[in-house]
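Asks: Chains as they are written, first to last, in this note's numbering: chain A, 15 to 303; chain B, 15 to 303.
Wrong hints could be hidden among the right ones.
[To be verified] Derived EDC-like pairs (lysine to aspartate or glutamate); straight-line CA-CA distance at most 16 angstroms:
hint: 1; chain 1: A; residue 1: 121; chain 2: A; residue 2: 154
hint: 2; chain 1: B; residue 1: 260; chain 2: B; residue 2: 55
hint: 3; chain 1: A; residue 1: 219; chain 2: B; residue 2: 288
hint: 4; chain 1: A; residue 1: 219; chain 2: B; residue 2: 284
hint: 5; chain 1: B; residue 1: 219; chain 2: B; residue 2: 240
hint: 6; chain 1: A; residue 1: 120; chain 2: A; residue 2: 149
hint: 7; chain 1: A; residue 1: 230; chain 2: B; residue 2: 55
hint: 8; chain 1: B; residue 1: 260; chain 2: B; residue 2: 68
hint: 9; chain 1: A; residue 1: 202; chain 2: B; residue 2: 300
hint: 10; chain 1: A; residue 1: 244; chain 2: A; residue 2: 300
hint: 11; chain 1: B; residue 1: 244; chain 2: B; residue 2: 154
hint: 12; chain 1: B; residue 1: 120; chain 2: B; residue 2: 66
hint: 13; chain 1: A; residue 1: 230; chain 2: A; residue 2: 94
hint: 14; chain 1: A; residue 1: 219; chain 2: A; residue 2: 240
hint: 15; chain 1: B; residue 1: 219; chain 2: A; residue 2: 288
hint: 16; chain 1: B; residue 1: 216; chain 2: A; residue 2: 68
hint: 17; chain 1: A; residue 1: 219; chain 2: A; residue 2: 300
hint: 18; chain 1: B; residue 1: 202; chain 2: A; residue 2: 201
hint: 19; chain 1: A; residue 1: 244; chain 2: A; residue 2: 288
hint: 20; chain 1: A; residue 1: 260; chain 2: A; residue 2: 32
hint: 21; chain 1: A; residue 1: 244; chain 2: A; residue 2: 284
hint: 22; chain 1: B; residue 1: 219; chain 2: A; residue 2: 149
hint: 23; chain 1: B; residue 1: 216; chain 2: A; residue 2: 126
hint: 24; chain 1: B; residue 1: 230; chain 2: A; residue 2: 154
hint: 25; chain 1: B; residue 1: 121; chain 2: B; residue 2: 55
hint: 26; chain 1: A; residue 1: 216; chain 2: B; residue 2: 149
hint: 27; chain 1: A; residue 1: 120; chain 2: A; residue 2: 169
hint: 28; chain 1: A; residue 1: 230; chain 2: A; residue 2: 209
hint: 29; chain 1: A; residue 1: 216; chain 2: B; residue 2: 284
hint: 30; chain 1: B; residue 1: 216; chain 2: A; residue 2: 284
hint: 31; chain 1: A; residue 1: 216; chain 2: B; residue 2: 55
hint: 32; chain 1: B; residue 1: 121; chain 2: B; residue 2: 149
hint: 33; chain 1: B; residue 1: 244; chain 2: B; residue 2: 162
hint: 34; chain 1: A; residue 1: 202; chain 2: A; residue 2: 224
hint: 35; chain 1: B; residue 1: 230; chain 2: B; residue 2: 162
None of these hints come from the bench; they were simulated from the model. Source: prediction; values computed, not measured.
Number of protein chains: 2
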Amino acid sequence: MAKKSAQVVPVRDALRVEPGDFEIARLDPAATPVGPKSKSEAAADLAQVAAELDALQEALYAEGTGGGRRRVLLVLQGMDTSGKGGVIRHVAGLVNPQGLHIASFKKPTRAELRHDFLWRVRRQVPAPGLIGVFDRSHYEDVLVARVDGLVPAAEWRRRYGLIDDFEAELAGSGVTTVKCFLHISPDKQRERLVERLENPAKRWKYNPGDLAARAKFPQYQAAYQDALVKCSTAVAPWYAIPADRKWYRNWAVARVLLEALREVAPVFPEPSYDPVVELARLRDADPLR
Amino acid sequence: MAKKSAQVVPVRDALRVEPGDFEIARLDPAATPVGPKSKSEAAADLAQVAAELDALQEALYAEGTGGGRRRVLLVLQGMDTSGKGGVIRHVAGLVNPQGLHIASFKKPTRAELRHDFLWRVRRQVPAPGLIGVFDRSHYEDVLVARVDGLVPAAEWRRRYGLIDDFEAELAGSGVTTVKCFLHISPDKQRERLVERLENPAKRWKYNPGDLAARAKFPQYQAAYQDALVKCSTAVAPWYAIPADRKWYRNWAVARVLLEALREVAPVFPEPSYDPVVELARLRDADPLR
Chain A
15 MAKKSAQVVP VRDALRVEPG DFEIARLDPA ATPVGPKSKS EAAADLAQVA
65 AELDALQEAL YAEGTGGGRR RVLLVLQGMD TSGKGGVIRH VAGLVNPQGL
115 HIASFKKPTR AELRHDFLWR VRRQVPAPGL IGVFDRSHYE DVLVARVDGL
165 VPAAEWRRRY GLIDDFEAEL AGSGVTTVKC FLHISPDKQR ERLVERLENP
215 AKRWKYNPGD LAARAKFPQY QAAYQDALVK CSTAVAPWYA IPADRKWYRN
265 WAVARVLLEA LREVAPVFPE PSYDPVVELA RLRDADPLR
Chain B
15 MAKKSAQVVP VRDALRVEPG DFEIARLDPA ATPVGPKSKS EAAADLAQVA
65 AELDALQEAL YAEGTGGGRR RVLLVLQGMD TSGKGGVIRH VAGLVNPQGL
115 HIASFKKPTR AELRHDFLWR VRRQVPAPGL IGVFDRSHYE DVLVARVDGL
165 VPAAEWRRRY GLIDDFEAEL AGSGVTTVKC FLHISPDKQR ERLVERLENP
215 AKRWKYNPGD LAARAKFPQY QAAYQDALVK CSTAVAPWYA IPADRKWYRN
265 WAVARVLLEA LREVAPVFPE PSYDPVVELA RLRDADPLR
């Protein structure tokens with residue numbers, strides 16, 4: 015029964031950010047509020063998730079080739095070391111890479127800064143049939159932009175509404191947006207930063223600026239609180255993913271994504287030709303037979 | 015011993031197209047000239063390949079973030095149903111999708127046709143640190159362009175030299191190009207086309223034009239013969255992959271790619287900061303401790 019529970023309880027319902035009732039301080043980053051209670055249980059369930067994700071992704075891709083407009087966008091946000099890269103590797107890595115569109119949003123370039131903050135994001139919206147993955151996103155514009163005072167307060171304050179409008183517009187054009195906040199504790203972040211510094215094969219993932227951001231952990235939590243509450247809408251909800259345990263984080267994001275794809279329920283397109291006619295051509299008029 | 019043989023014999027040497035000695039008609043698409051002799055043996059070896067590919071790809075990616083220019087480009091060519099998509103799913107799918115750049119070259123658009131044939135290809139050359147995968151490529155411009163007479167003979171004839179120059183230029187800018195020709199038999203193609211037509215979940219992969227191309231199978235083989243012989247160079251060799259057996263095809267491409275990555279031998283970059291200093295900062299000056 016334990017193994018099946020993960021499939022029975024809707025994971026999205028358990029992890030969705032409800033604006034009226036969400037307090038980031040009450041979220042335990044090490045919790046396992048729904049689903050598996052151990053790494054091995056999670057691995058077993060993930061294998062099932064993988065098979066279903068793969069099949070749904072193929073149908074979504076096929077639907078796109080047949081003129082369908084639908085696509086899925088997985089937005090990943092979280093503090094350094096919260097596991098955005100790990101989710102891409104272990105969750106996005108479960109499906110055919112040809113059906114993925116992965117975009118990383120780093121510090122905006124000078125050219126990007128000359129545009130509206132959503133400009134560079136719009137350019138990376140996945141095409142129909144694809145699963146897009148955003149490694150950071152337009153939410154940086156109400157997170158680091160706010161914490162580091164990169165724009166006046168009046169500016170970042172109006173962005174919540176602009177983001178809601180943008181995501182509603184995406185929904186209207188066939189995009190199912192799934193936003194996952196990977197929530198880690200300061201202690202776990204410390205542990206992972208130490209690991210990056212001690213392991214020569216991980217040092218490239220670290221940069222000294224990470225400590226400056228870490229020093230502002232409380233300010234970031236306040237900024238996340240607002241972003242999650244103000245922008246968890248019916249068409250583009252936020253999910254708060256406890257991320258201190260990597261196995262739980264990966265499992266939870268995979269399940270949330272799977273449930274979203276099930277709801278999309280992509281369908282293989284009707285062929286634009288007659289299969290019976292084509293089979294007859296292959297049978298009766300094949301010059302190579 | 016059988017399982018180890020795949021690792022001992024260099025797969026690239028066994029499958030490389032040697033211009034002076036290559037005849038496509040002598041290639042058996044169902045052969046297993048090197049490596050595993052069964053699906054289960056191939057699966058066991060592929061698991062080892064996967065682990066090593068994954069590690070090398072991460073180092074390549076890291077090297078790129080540190081200013082390295084090197085990257086790998088896997089070019090896939092072959093008749094319809096030869097398995098280009100299957101290789102992307104099962105071989106490219108072995109590594110972190112964040113380190114991949116996949117480009118599909120379909121029939122050129124009107125805008126693309128207004129440029130030189132290499133224009134759209136140059137735009138898809140993988141960035142440093144990435145593994146690029148071309149699903150079809152600039153070789154279409156000496157294959158379908160020749161078979162269907164889309165350009166005058168004088169035009170496609172000069173393209174072999176232009177392609178060699180282009181690929182030498184890529185090599186000079188840090189690109190290791192690995193070109194795999196997936197070789198299937200007319201009978202196997204027929205079987206796979208029938209399968210696509212009979213299975214409603216595969217019909218989207220078929221289009222009636224596939225039969226027109228199939229009718230020109232011999233002309234395509236002649237065009238492949240020339241492309242492989244004229245463009246298998248020291249810096250960008252062609253590999254002829256027997257592709258009637260999917261398990262062999264995937265295994266062989268994975269091994270060829272692995273050997274190329276081993277030769278690249280990417281290295282994790284030296285950090286631009288002092289890890290000892292950073293560890294001390296985390297230990298002694300962490301405001302969150």
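Asks: The structure should be examined with respect to each hint, and the outcome stated for every one.
Replies: Evaluation of the provided hints:
1. Taking the CA atoms of residue 121 of chain A and residue 154 of chain A, the gap is about 9 angstroms. The hint holds against a cut of 16 angstroms.
2. Simply put, residue 260 of chain B and residue 55 of chain B have alpha-carbon atoms about 13 angstroms apart, close enough for the 16 angstroms limit, and the pair holds.
3. Using a Cα cut-off of 16 angstroms, the hinted pair residue 219 of chain A and residue 288 of chain B holds, with the two alpha carbons roughly 14 angstroms apart.
4. Under the criterion of a C-alpha separation no larger than 16 angstroms, the hint pairing residue 219 of chain A with residue 284 of chain B is consistent with the structure, at around 11 angstroms.
5. For the hint pairing residue 219 of chain B with residue 240 of chain B, the CA-to-CA distance comes to about 28 angstroms; that exceeds 16 angstroms, so the pair is violated.
6. Proposed proximity of residue 120 of chain A and residue 149 of chain A is supported: the alpha carbons are some 9 angstroms apart, at most 16 angstroms.
7. For the hint linking residue 230 of chain A to residue 55 of chain B, the alpha-carbon distance of about 53 angstroms lies beyond 16 angstroms, and the restraint is violated.
8. For the suggested pair residue 260 of chain B and residue 68 of chain B, the alpha carbons sit about 21 angstroms apart, so the restraint of at most 16 angstroms is broken.
9. Restraint check for residue 202 of chain A and residue 300 of chain B: satisfied, since their Cα atoms lie roughly 13 angstroms apart, inside the 16 angstroms limit.
10. With a C-alpha separation of about 62 angstroms, the suggested pair residue 244 of chain A and residue 300 of chain A falls outside the 16 angstroms cut-off, and the hint is violated.
11. The straight-line distance between the Cα atoms of residue 244 of chain B and residue 154 of chain B is roughly 14 angstroms, inside the 16 angstroms bound, and the hint therefore holds.
12. As the CA atoms of residue 120 of chain B and residue 66 of chain B are separated by approximately 32 angstroms, the hinted pair breaks the 16 angstroms bound.
13. At roughly 12 angstroms between alpha-carbon atoms, residue 230 of chain A and residue 94 of chain A fall within 16 angstroms of each other, so this suggested pair holds.
14. For the hint linking residue 219 of chain A to residue 240 of chain A, the alpha-carbon distance of about 28 angstroms lies beyond 16 angstroms, and the restraint is violated.
15. Between residue 219 of chain B and residue 288 of chain A, the direct Cα distance comes to roughly 14 angstroms. Compliance with the 16 angstroms bound is thereby established for this hinted pair.
16. Taking the CA atoms of residue 216 of chain B and residue 68 of chain A, the gap is about 15 angstroms. The hint holds against a cut of 16 angstroms.
17. As the CA atoms of residue 219 of chain A and residue 300 of chain A are separated by approximately 56 angstroms, the hinted pair breaks the 16 angstroms bound.
18. For the suggested pair residue 202 of chain B and residue 201 of chain A, the alpha carbons sit about 58 angstroms apart, so the restraint of at most 16 angstroms is broken.
19. Simply put, residue 244 of chain A and residue 288 of chain A have alpha-carbon atoms about 50 angstroms apart, too far for the 16 angstroms limit, and the pair is violated.
20. Of the pairs offered as hints, the one joining residue 260 of chain A and residue 32 of chain A is violated, with about 24 angstroms between alpha carbons and a cut-off of 16 angstroms exceeded.
21. Between residue 244 of chain A and residue 284 of chain A the CA atoms are separated by roughly 41 angstroms; this puts the pair beyond 16 angstroms, and the hint is violated.
22. With a C-alpha separation of about 31 angstroms, the suggested pair residue 219 of chain B and residue 149 of chain A falls outside the 16 angstroms cut-off, and the hint is violated.
23. Pair hint residue 216 of chain B plus residue 126 of chain A does not hold up; C-alpha atoms about 41 angstroms apart against a cutoff of 16 angstroms.
24. Taking the CA atoms of residue 230 of chain B and residue 154 of chain A, the gap is near 54 angstroms; set against the 16 angstroms cutoff, the hint is violated.
25. The suggested pairing of residue 121 of chain B with residue 55 of chain B is violated, with an alpha-carbon distance near 38 angstroms, which exceeds 16 angstroms.
26. Our distance criterion of 16 angstroms between C-alpha atoms is broken by residue 216 of chain A and residue 149 of chain B, whose separation comes to about 32 angstroms.
27. A distance of roughly 20 angstroms separates the Cα atoms of residue 120 of chain A and residue 169 of chain A; the hinted pair therefore is violated under the 16 angstroms criterion.
28. Of the supplied pair hints, the one linking residue 230 of chain A and residue 209 of chain A is violated, its CA atoms being roughly 21 angstroms apart against a limit of 16 angstroms.
29. With a C-alpha separation of about 11 angstroms, the suggested pair residue 216 of chain A and residue 284 of chain B falls inside the 16 angstroms cut-off, and the hint holds.
30. Our distance criterion of 16 angstroms between C-alpha atoms is met by residue 216 of chain B and residue 284 of chain A, whose separation comes to about 11 angstroms.
31. Our distance criterion of 16 angstroms between C-alpha atoms is broken by residue 216 of chain A and residue 55 of chain B, whose separation comes to about 33 angstroms.
32. As the CA atoms of residue 121 of chain B and residue 149 of chain B are separated by approximately 12 angstroms, the hinted pair is consistent with the 16 angstroms bound.
33. At most 16 angstroms may separate the alpha-carbon atoms for a hinted pair to count; residue 244 of chain B and residue 162 of chain B exceed this at roughly 20 angstroms.
34. Restraint check for residue 202 of chain A and residue 224 of chain A: satisfied, since their Cα atoms lie roughly 14 angstroms apart, inside the 16 angstroms limit.
35. Of the supplied pair hints, the one linking residue 230 of chain B and residue 162 of chain B holds, its CA atoms being roughly 9 angstroms apart against a limit of 16 angstroms.
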